[in-house]
Amino acid sequence: MKEIFRSNDPVQLSFAEAVLKAEGIEAIILDQHMSVMEGSLGVLPRRLMVADADAHPARRLLEDAGAL
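Here the sequence shown stands for residues 1 to 68, where the numbers follow the UniProt record's numbering.
It is worth saying that the hints were derived from the structure and are not from the lab.
Please note that a few of the clues may not be correct.
With a Cα cut of at most 25 Å, we get these calculated SDA-like pairs of lysine to any residue [to be verified]:
#: 1; residue 1: K2; residue 2: H33
#: 2; residue 1: K2; residue 2: D54
#: 3; residue 1: K21; residue 2: D54
#: 4; residue 1: K2; residue 2: F15
#: 5; residue 1: K21; residue 2: M49
#: 6; residue 1: K21; residue 2: D9
#: 7; residue 1: K21; residue 2: S7
Since we're looking at a predicted model, the values are computed, not measured.
Turn these sequences into a full structure, and let the hints steer you where they fit.
Below, the structure written as structure tokens:
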């Protein structure tokens, strides 16, 4: 798995995940439940991960969509 995007903004992450899903690229958001551990401050960024083979096409899709 490779990290292709990191953000504190859940809306931006959701958009990026939806863009990838629409193109058939499976993405996983890591650290989304860390806000419970940090007191819901949103300080820790969440990471959008994809399979190694999908990293380059995923970055390109997100750039084209204006998500990066």
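These are the hints, each one checked on the structure:
1. K2 <-> H33: With Cα atoms ~19 Å apart, K2 and H33 stay inside 25 Å; holds.
2. K2 <-> D54: Holds, at roughly 9 Å.
3. K21 <-> D54: 12 Å, holds
4. K2 <-> F15: 18 Å, holds
5. K21 <-> M49: 12 Å, holds
6. K21 <-> D9: Answer holds: K21 to D9 is near 18 Å, not above 25 Å.
7. K21 <-> S7: 18 Å, holds
In this structure, every one of the numbered hints holds.
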